[in-house]
Structure formats: structure tokens, C-alpha cells
Amino acid sequence: MIKDYSILIGGEAGQGSRKAGLIIGKLFSSLGYRVFIYDDYQSLIRGGHNFSQIRVSEKKILSHRRKIDFLLALDENTIKKHENDLDKKGIIIYNSDKVSLGNKKSIGIAMETIVKEAGGIPIMGNTALIAGFAKIVGIKWETLEKLLKKEFKKFQEINLIIAKTAFDDTKNLIKLKKLNQKSLPILTGNETLCLGAVKAGLDFYMAYPMTPATGILHYLAEHEKDFNIAVAQLENEIAVINAAIGAAFSGARTMVGTSGGGFALMTEGLSLAAQSETPLVIVESQRAAPSTGVPTYTGQGDLLFALTAGHGDILRFVIAPGDADETAFWAGKILNLSWKYQTPSILLIDKEISESTFSFDENILKKIKCEKPLLWDKKGKYLRYKNTKNGISPLAFPGQKEAIVKANSYEHDEFGLTVEDEKSIEKMQNKRLRKFKEMEKEVDKLEAIKVYGKKTAKKAIVCWGSTKGPAKEAAENLGIKMVQPVILEPFPEKQIKKALKGVEKLILVETNAIGQLEKVLNCYGIKINQKILKYNARPFLPEEIEEKIKL
Amino acid sequence: MNLDTFYENTWCPGCGNFGIFTALKEVISSLIEEKTPKENIVITSGIGCHAKIADYLNLNSFYCLHGRPVITAEGIKLANPKLKVIVCAGDGDAYNEGISHLIHAAKRNIDITVLVHDNRNFALTTGQFTATSPKGFKGPSTPEGSQEEPFDPLKIMLASGATFIAQGYSAKTDHLKNLIKQGILHKGFSFIDILQPCMTYSPKAYQLYNERIFEAEPQNLTSEKEALKKINQWKFGEEIKIPIGIFYKIQKPVYKIRNYD
Chain H
0 MIKDYSILIG GEAGQGSRKA GLIIGKLFSS LGYRVFIYDD YQSLIRGGHN
50 FSQIRVSEKK ILSHRRKIDF LLALDENTIK KHENDLDKKG IIIYNSDKVS
100 LGNKKSIGIA METIVKEAGG IPIMGNTALI AGFAKIVGIK WETLEKLLKK
150 EFKKFQEINL IIAKTAFDDT KNLIKLKKLN QKSLPILTGN ETLCLGAVKA
200 GLDFYMAYPM TPATGILHYL AEHEKDFNIA VAQLENEIAV INAAIGAAFS
250 GARTMVGTSG GGFALMTEGL SLAAQSETPL VIVESQRAAP STGVPTYTGQ
300 GDLLFALTAG HGDILRFVIA PGDADETAFW AGKILNLSWK YQTPSILLID
350 KEISESTFSF DENILKKIKC EKPLLWDKKG KYLRYKNTKN GISPLAFPGQ
400 KEAIVKANSY EHDEFGLTVE DEKSIEKMQN KRLRKFKEME KEVDKLEAIK
450 VYGKKTAKKA IVCWGSTKGP AKEAAENLGI KMVQPVILEP FPEKQIKKAL
500 KGVEKLILVE TNAIGQLEKV LNCYGIKINQ KILKYNARPF LPEEIEEKIK
550 L
Chain W
0 MNLDTFYENT WCPGCGNFGI FTALKEVISS LIEEKTPKEN IVITSGIGCH
50 AKIADYLNLN SFYCLHGRPV ITAEGIKLAN PKLKVIVCAG DGDAYNEGIS
100 HLIHAAKRNI DITVLVHDNR NFALTTGQFT ATSPKGFKGP STPEGSQEEP
150 FDPLKIMLAS GATFIAQGYS AKTDHLKNLI KQGILHKGFS FIDILQPCMT
200 YSPKAYQLYN ERIFEAEPQN LTSEKEALKK INQWKFGEEI KIPIGIFYKI
250 QKPVYKIRNY D
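These protein sequence lines map, in sequence, to chains H and W.
When we follow numbering that gives the first Met the number 0, the leftmost residue of the first sequence carries the number 0, and every step to the right adds one.
When we follow numbering that gives the first Met the number 0, the leftmost residue of the second sequence carries the number 0, and every step to the right adds one.
Don't take every hint at face value.
[Unchecked claim] To give a feel for the contact side, a few chain H residues facing chain W, derived at Cβ under 10 Å:
id	residue
1	MET205
2	MET209
3	ALA243
4	ALA251
5	THR417
Simulated from the structure, these hints should not be mistaken for lab results.
From the three backbone atoms N, C-alpha and C, an ideal C-beta is built for every residue, glycine too.
Only chain W is shown next, with the shape it has when bound in the complex (with noise of 0.2 Å):
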């Protein structure tokens, strides 16, 4: 199924969000095909490189404010909750300029699925440190390194009342496109965390991610415990092993509005 628009596609190349394009219209396609009407289908963006998708994809679109994909998002959802929202933004929109739509949209489990292609900087203003930037990151406005150890997403998701978790990586597109699959078709807030390799404001992460990420051993995943030690493996910074793959689901009463159910 062509997804496609005919706009110029401008992302660097060997850029992440080529591996996230792909297996979101994947998923996309196969979801039509089980019979979700494709007009039902609505992706909202952010701002920053991650954002084009939205001229991209030939599907409803909101090309939204910088922070704000996740909240616009949640009131198209409301308004309409027959739509499957999906929103696409990047880790300055959800994690710097709108985290607080992040954890409210958790903590009410409204039923959208969140990706957030994680580049770990603000590439689209030439690169400087985000929210999850490894410490000592360089840039345009660090050009000492950051002082800033980076937090951990998932567990704000954990402690907000997330009910799907999950991590991927954008060059393992076929484990991404079962994430995504998940996602998607899980009843209540959903969030993936994809890491994305930078190829012009962070060259090396591409070669880094391939030696450490590996996909993690299936567990009890309605288990706070285990989706915890899951995380905590690797904390965004240190050089270690990076596990993949759904980490938390469980089920709990959706966030509807009365006279819209």
C-alpha cells in the first residue's frame, strides 16, 4: 500500500527516522488491511526533524506546535474516539517543551500511542542537548559538555501511570514494527521510546547502538517490579548493555468523555 506523499523527503541520510517512517506505514498498511478504515487514521506531529513525517505520510495529518503533538492528539482522540491516533514527536517536543502533556496523557490512560523518535538532541536547531543527551553531551550551547545527567523516560512512564512501555530502535525495523503493532492495537496510552541514531549532530550513536542494543528476554510484563529492573538496566548514559522491547502492559479503565463514548 502506497502511504507516501510526493513531498521531498530531506532527512540526512543514514537518519533514523528512515527506519521509523518504514515500519510505521508497515503497520500502518497491515492495520488497514485487518480492516481499519485508513480515514480513521490520524498522526500528529511535533516539531524538530521527526516532524516531516507529517508531509510524509499521505494520511490525517496535524502538523502541531513544538511540545504540544501529544495534547492535540488527546482532543482529536476525545472528539472523536473512533480515530486512532497516533503521534509522532520527538524527544525535545515530549520530553523538553511538553513533558507535563506526557505524564497527564499517562496518568489518564487516554487510548493514543505515543513514538517518540529519540535522537537525544535538538537536531533540527543544529544539535543542542535534550532532556535525554548523555551528560558531557557537545553543542552548540554546551560546547563544554552538558552538566545535565539525562532522565530516564520510561520510568517517568512507569511513575505516571503508563500501561504499555516499550523501547525500540529504529535500525531493527522489524522489532520496532511489532512495538508499533502493539502499540497500537493495546486499549489505553501506549509508549514507545525508539532510539534514533543522529547521523549529523551525533555520529557515533549508530555504531554505539549496534554493539549495545539487544532485544530483551520476554518476562512478566504486568509486573511494576520487573518492568523497573527492565529499565533501570540502562539509564540513558552509562556505557552499558541497552535492552529493546516491551517492558510494562497491563490493562486499566480507559479515559473516555461522557456523550463522547
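Excised from the complex, chain H in its bound form (with noise of 0.2 Å):
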């Protein structure tokens, strides 16, 4: 039997109900577990409910289940709104200064006195929750006091006073094993896309503050010394995607964040950085939409539109990552992709993926590499949009000695001064259109279609993003097959429909109502025969596609 627990812990916001999930991912993250935290968390700072579920096994895993193990309560809400799906064999853990269950699968922790005596604040019950936690499925406390240690660095004396005495009061039931595999770093998608960006050569990165992508920002201001990068917070989307084009223009491989609805007001300036040939990456991490939608929510909603965002005919890489390693592996070749081909780009996430918690191969990191653009060869006159062969013109930037560098939003001639006659503009469409087709060259030699589940099945989902996850458990439990495009701009056509082969029903799942990727699908003769979609804001669970195409 492979080992898979999960743990649910919950309060109000305010409570450090997500440290404290955090925390226990990182526990059984040293004991050799793979993890996956879901963090559920309402648009509000004090009150309502938020809760973390951990799920740890010894396989690697993408998505949170609907059955739970352990039901860690810092409020009696918690309780009653998760009780029902706690396994039978479940145990609540519950603070027993507030609540009393009679019940023999639940544990009370005496949080408020231990926390009172220890001459603690409120919060800090998070702590005694974990240590009684911890005890009950024989975690050492040498493993917890050391991990406690690492992540308390104010009022470290009275959380180790208060976990200690949790601890010792707890009695211990269940003897959980230290599995035999390298413990992995634990990191939202947020963060393995920060670190893969600065592996491909990140200078500079720009954003408004917008959930889910806000991560980024504050992981990128926090490391700016370490990355060595610069980092800047402006005064809206419009100010961030025209500001980052300058900044390339200035010679600084630039990143923005955002969300669907400061995409929406980014998509000016995207039409501009495909104009001007300005390499440009814009993450758009999806949330429920349509406006503001469900802000600290998920969804699949913006596909279609990031394919077709901004006015004119834009050339443009769009690849939507499914797990925190594709993101971290896909940030950095995108960011290289687009100074290769001189072209804004969208990676498309959301906040499944940018704020839910994986175990990080570090491994990928070392696929990743800062590739050079093509440069001026600085011999005879710098013409900025030179019309060369493949389309792409070399690069140079202001600075630098004998070029005039001059970009312009209007179509333009070679060195760049506005056009508007027939010939001149027929002649740099057609430039940036073999440029394009040395960008769909290029996707024919990356791997744009992943495959998983058994290859060789007649029935397949097709999916795409963070539905890789479920899907991908679901496939494999059901014996099928999972084809995920990562590619979506230019569209791999060649690939997927390799991968299609010999598939007689094929199932769509996505978080969104009306099937956007069955629209993209459709426009290259593939029919879907079953659609799975979810549309309430909350990711697939495996067990729900399971279901469904069992039906």
C-alpha cells in the first residue's frame, strides 16, 4: 500500500491556520514525504474561514483529495464544514479550551492554557496544534524542534515552550515512517517560476499588486539582492507593461505579473511589444473570473483570451506550465524564447499553481540556461528592424556606441522611422510573419505535448495547466491516457495529434464553463466526445474526474 495522509488544518484568517499547514508540509517533507498543499483562503484579512490541505505520500502528487486523515481544528467552524469528509478512520484535533467533542477519533489540545501559561498570544495555538499533531503520528520532537527553530525567528523561546508542552501532553497513536528518499524543498509555483526566470538571465521584474500573482512580487523584493535582480512595484498594469518595455528596450531581460483583470489592461501594450519587437514576458496567473470574479480563487478562464489578447495580428508564445516544476522549467525557457524571437510571451498559470505548495526538483534547474539573443554585429549602420531572412533583426541598445537605436509604435521602415505606404508595410508584416514561422519551428522542437496514463489507451483526457494534476492521477488510476498541450501558442498541431493517435473517445477537462481549450481544439479537426468542467472555483479533485468518466 503506498502511504498517502492528508491533513486538513483550519481557522479563521488570522489564526495562522497557513504557516501552520506550511509547517507540516515541511515536517513530513523531512521525513522523505512528497507534498501538495491546497491553501483555501477567502479575500478578507481577519475572520471568515481559511483552511490548508496537505496531502503527503510517497509518490509524487499534484492535487489535494477530497478524503481526509487528520482534521487539525483551530476554530469550531473548521469542524463542522470539514467533518463530513473525514475518513472513518479520521482523527479531529481540536482545541478543547473552546470546544468538546465526546467523540473517541478526537483529540483536544488544551490550546489557550498552554499558549496563557506559556505567556504566548493568540496565534501562537497554531503552535501547540502542530506539536499535539506531531506527537499523535510520532514525529520525533528533536525533527520538530529543529524545523520550529528554522521557522520561528521572533518569540522563538515561547513557541519551543508551547509546543513542547502541547507535545508532552499529547499522547502518541499512530508510528508513521521515515521513508527512504531524499527529502525535497517545498515551494508554491510562484517561487519555482521566480527561480526558473532567474536561472534564464532575469533582470528586472515589474508588477501591480494582484492575486494569485502578488507571490512573485513579494518573492522576487525579497530575494532582489541574493537574484540579483531589480524589482519595482508601479502605479498600475498600464504603467508595468509600458515601463518593462522600455526597460527591454534598454537592454534588461524584464518579467511582469498579473491577473486576468490587469492583463485585460495590458493588453495595449502587448499589441506595442509585438509592434516594436520588444521581448517581453507577462505571467497571467488565472483566478475566477469573469472581473473581479473570485479574487484568492482558481479557474481556467482566460485561455482564449491570452491566445488572442491585443489588437493587430500579434505573434506571441503562450505555454500554460501544469506543476510547479514545468513552471519553473517553462519561466525560464520562455524568458529565453522571447529574446530569441524578439516577442512578447504569456505564461499562463493560476492560482492553483501559484499558490498551492509542491515538492521542487531542483533538478530542473539545471536544464535552465541564460541564452544569448542574437547582437549586433556592430559593422556598417544599426538599422533596429534590419530585414533579414528568418525575420528576426539583431539587437542592440541605447548606450551603446555608433548604433541609433529607434523603436516605434507606428509600422516603421528598417531604422525604424514611421511608414505608411503599401510597400514598406506589406514588408515588415511579412518579416514578423517568417519570424513566426521560425517560432512554430521552434515549438516542433520542444516537447509541447506531454503524455502520461497508459499510452497505449484507446480512451484519453486532453487537458491543459493545473487540471494536469487531478487528471493525471485520475488517468493513471483508471488505466487511460492524459494528453496535456503546454504549448498553446504557436499552436503544436504535429504533436498533439501524434499523441491523439489511435484515441477513439477523447475526454476535456477544465475549470472553466464553456470548454475554451475544445474551442482551440475544434480549429484543428479535433472533436471532444466528453466534456468535464468545473466551474465553482475550487481545482478538480482526482476523484471527481474519476467519477465522471466512469459514468
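Make the complex out of the two chains shown on their own, each in a separate frame, by following the hints.
Here it is in C-alpha cells:
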């Protein structure tokens, strides 16, 4: 039997359930378990109901499941909301100072008393809960102590007293095995995205805060010095994209990040980046839309938007990685691609990738290099938009001797001066089209389509982005195939048709209301036989997909 | 020094842009003579009649989106602080479409120079009212005259934290040259609103400006109170004398990005 446990910790906003969940994740990670944490929180700062669902397993997992083995309740509401999902053998661990549960399956910890006696503040109740839980599942005090020392730099002593008291007061029930495999760091998708982009030579990150992309801004600002990059928060998304285009014009490898609403504001700038052939990476982390939608919850409703955003015939890469490892890899790759082809690119993720926590395979980073773009050879007069055979014009930057660098939002000649005559317009459009042909050839060389599950199966799931996690697990459990297009523009038609060869029933799985990937596939003559859509702003669970496919 | 491209100049005869173009070229020439490397100079422009200056100047340039020349210039400067970045914006760019960028650039005191070619109408789209058009301005979108009072961009700049505020006039080229030079040499955000007559959509402006514009008396440039007094002498609307000159100049820490110092 594969060891696979789910722990849910919940409470009001401000009670520290997220931090506690992360510590529990790290505890298991240190014992060799693979971890996935789903964070469910509301758009508020105090009150309400927040929870983290920590799933730990021997093998790599990319989503949470419905059943809970341990329900850790910082408040009574958490018990009410989640006890129905508790496994038959599941255990509730709760605050016995506030709640009394007579049930055998539950264990009380006098959180408030312990905190009070140690001279702590209410939020430290979560330390007592973690420590009690650790004791129940048989984690050694030394392992817990070591981690808590790392996690609590402030009020460390009080937290350790609270933890020790709760640990000693609680009985051990289970002996969890330490696994004989390498411990992996646990990181959010936003964080692995940063690591990948930095490895590919990111110079500058600009953003305006917007959930769920804000974590990128925070992580890069926090590590600005270590990563030797620049970070700026600007007045709005329109400012962000236009300043980023300016920075790239100066030669800085620049990335911006936002969610759907912010991306909507950036679309005029996206068109400018295409016209001025400015390399630029836009991270679009989707959340449930339209409009403000459900800001702290997930959705895949921006696929068609990302593919078509901006006025005019715009070349772009659109890449949608499906988990934290892929996000690191493709964040690096897309930065290199943007510079190679001097084009805007969109890295399309969502809340489920951005803010969930994954066991991260750091070896991925070894596959990422900072690739040099095509630079001017300093011979003859510099032409920013030189009409080359493959459409890619060598780059020079302001400040470079002998080069006059002229970028233009108008249609322009090779030097960068405005043109309005038919011949010149067609010539430049053709230059950009040749570049697009090169981009298509590039996609053919990349692993644009991933295939999982039983490769010879006649039934296959097709999905994209974060839905990969639950869909892959469902496909593996059902013994069917799963096909995931990672690059969505230029669309890898040949690769997907190859991957779908022999498939008789194709099942679409997406978290949006109209089946946006289906519309894309239809453009290439690929028909869907069954649609499984979810649009309640929550990610799919593997069992939901399994149940719907079995029907 | 020849800083011209061979691009055909299509500004209307008598357009105020010519005066600004001449003054700017002479200032840039003098900077280059004083050892500013030519390759370190970058011009950004918005969209409008003024913006054609990007095609006319044989210098690094970014011909930006309408409303965005200030923020694009900020990105250029932040990524390479060695560059001297000069923004040519129209009143439509700076005060209508892109007012937020102008305010925030002043607020963060970024070391760029903004020249607003303020002809007080949207000329390239055939003469609609802008934020600085006088009340009652008759254009194709306001045949009965606009209802809105203009705002005073200099006052907005003062309130936003700009550290160099000046007003110039395109027909007083020598005076304007001095303003632009001072602005570029100023460490921090420098803002110059340049009144320029539009011969096609506001043909009376040239005569009116010549009658009313005068060079302001020297004053204490670090006093916000005195600056406001100067700014308030003319409010972009009334038929009174219009002072030009530097109204405000103070030193404040310049916005910098870590790792790009």
C-alpha cells in the first residue's frame, strides 16, 4: 500500500492556518514524503474560514483529495465544515479550551491554556496544534524542534515552550515511517517560477499587486539582492507593461506578472511589444473571472483571451505549465524564447499553481541556461528592424556606440522611422510573419505536448495547465491516457495529433464554463467526445474526474 | 551638429513644434559638446503632432503609445541609469490619456525630463479639447464650446512632488533653451510645460501668447509658496498676463532601483 495521508488545518483568517500548514508540510518533507498543499482562503484579512489541505505521499502528487485523515481545527467552524470529509479512521484534533467533542476519534489540546501559561499571544495556538499533531503521528521531538527553530525567528523561545507542553500533553497513536528517499524542498508555483526565470537571466521584474500573482512580486522583492535583480511596483498595470517595454529596450531581461484583470489593462502594451519587437514575458496567473470574480480562487477562463489578446496580428508564445516543476522550467524557457524571437510571451498559470505548495525537484533548474539573443555585429549602419531572411533583426541597445536605436509603435522602416506606404507596410508585416514561421519551427523542437497514463489506451483525457495534477492521477488510476498541451501558441498541431493517434474517445477536462481548450482543438479538427467542466472556482479533485469518466 | 534625419517634416507652417524642435536640438548639441555621449541620449514621444519629433531626430528614440511616453521613459532610465532620457509628450498624452504616469513620475522623483508640447488641443485628431483647452473651446466634439474648465498642470506637478517645474513658450527659443538645459541638468524629475500655438486649430493663440507672455521675475525657487503664487498668476484660462520661467527647483532623493545604481 502506498502511504498517502491528508491533513486539513483550518481556522479564521489571522489564526495562522496557512503558516501552520506549511510547517506540517515541511515536517513531512523532512521525513522524505512528497507534499502538496492546497490553500483555500477568502478575500479578507480577519474572520471567515481559511484552510490548508496538506497531502503527503511516498510518490509525487499534484493535487489534494477529498478524504481527510487528520482534521486540525483552530476553531469550531472548521470541524463543522469539514467533518463530513473525514475518513472512517480519521482523527479530529481540536482546541479543548473552546470545544468539547466526546467522540473517540477526536483529541483535544488545551491550546489557549498552554499559550497563556507560556505568556504567548493567541496566534501561537497553531504552534500547540502542530506539536500535538506531531506527537500523535509519531514525529520525534528533535525533528519538530529543529524545524520550529528555523521557522520562528521571532518569539522562538515562547513558541518552543508552547510546542513542548503540547507535545508532552498529547498521546502518541500512530508511528509514521520515515521514508527512505531524498527530502525535497517545498515551494509554491510562484516561487519556482521565480527560480526558473532568474536562472534564465531575469534582470527586472515589474508588477502591480494582484492575487494570485502577487507572490511573485513578494518573493522577488525579498530576494532582490541574492538574485541580483531589480524589482519595481508601479502605479498600475498599464504603467507596468509600458515601463517593462522601456526596460527591455534598454537591454534588461524583463518580466511582468498579473492576473486576468491586470492583463486586460496590459493588452495595448502587448500589441506595442509585438509591433516594436520588444522581448517581454507576461505572467498571467488566472483566477475565477469574469471581472473581479472570485479573487482568491482558481479558474482557467483566460485561455482564449491569452491566445487572442491585443489588437492587430500579434505573434506570441503562450505556454501553460501544469505544476511547479514545469513552471520553473518554462519560466526560464519562455524568457529565452522571448529574447530569441524578440516577441511578447505569456506564461499562463492559475491560482492553483501560483499559490499551492509542491515538492520541488531542483534538478529542473540545471536544465535552464541564460541564452544570448542575436546581437548586432557592429558592422555598418545599425538597423533596429533589419529585414533579415528569418525575420529576426539583431539587437542593439541605447548607450551602445555607433548605434542609433529607434523603436516605433507605428509601422516603420528598417531604421525605425514611421511609414505609411503600401510596400513598406507589407514588407514589415512579412518580416514578422517569417519570424512566426521560425517560432513554429522552434515549437516543433520542444516537448510541447506531454503524455501520461497508459499510452496505448483508446480513451484519453485532454487538459491543460493546473488541471494536469488531478487529471494525471485520475488517468493513472483508470488506466487511460492523458494528453497535455503545454505550448498553446504557436499551436503544436503535429505533436498533439501524434499524441492522439489511436484515441477513440477524447475527454476534455478544464476549470472553465465553456470549454475553451475544446474551441482551440476544434480549430485543428480535433473533436471532443465528453466534456468535464468545473466552474465553482475550485480545482478538480482526482476522484471527481474518475467518477465522471466512469459514468 | 546635425541631429536631423532626412525624414520629411510635416508640421503645419508656423507650428509651435518648430521652436521646441530647434531649442531641443541646440540643447542636445551643447550637451554632446560638453561630453555627454550622444549614444546615451534617448528621446521618447507619445502620439500626436509633437511626436513626429522622434522621426525627425537622428538619436535613440522610442515612439511610444499615446499617453505612455513618460512611463516608457521611466523603464528605459531604470534599466540603464547612465542614459539621459528626455520625454516629448503632448498635452493629450501627458494630461489626458497618461496623467497617472505624470503624477507618479513626479512623486517618485525619477531623473528624467518631461517636455509637454502644450498646444491645448488634440490637433492630430483634428482639434478636440484637451485638459488644458480653455473653457468654451470649440472643436468638432464640442461645437457649442467645451463646458470644462482647464486644469493647471503646473499646480498638479507641485502637488505631486515634482522637483523642477517650469513653463516655457515655443516662440521664445532662447529662453526655452535655457529651461530645457536646466531641466536636463537637474537631478530628479524635471517638468516643463511649453505653450505652443496651434496654427490650424487655435490660430489666434500665437497673437494672444505674444501679447500676454512675459518672463517672470527671479524668485526664491525652493519656496513652494512662491512657486504657487507664480503658478496662480495665470490659470490656463483667463485673459491675463502669462509668466514663463522656472518656478520651482528643489533637491530631493532621486528614485533608484537596487542593483541598477
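Consistency of the hints with the structure:
Because the smallest distance between the Cβ of MET205 (chain H) and any Cβ of chain W comes to about 8 Å, under 10 Å, the interface hint for this residue holds. The closest approach between the C-beta of MET209 (chain H) and any C-beta of chain W is roughly 17 Å, which is over the 10 Å cut-off, so the hint fails. A cut of 10 Å between beta carbons decides the hint on ALA243 (chain H): the least distance to chain W is about 6 Å, and the hint holds. Interface hint status for ALA251 (chain H): upheld, as the beta-carbon distance to the closest one in chain W is roughly 4 Å, under 10 Å.
Taking 10 Å as the C-beta contact cut-off toward chain W, the hint placing THR417 (chain H) at the interface holds, the least distance being around 5 Å.
The structure is inconsistent with hint 2 alone, although it conforms to all the rest.
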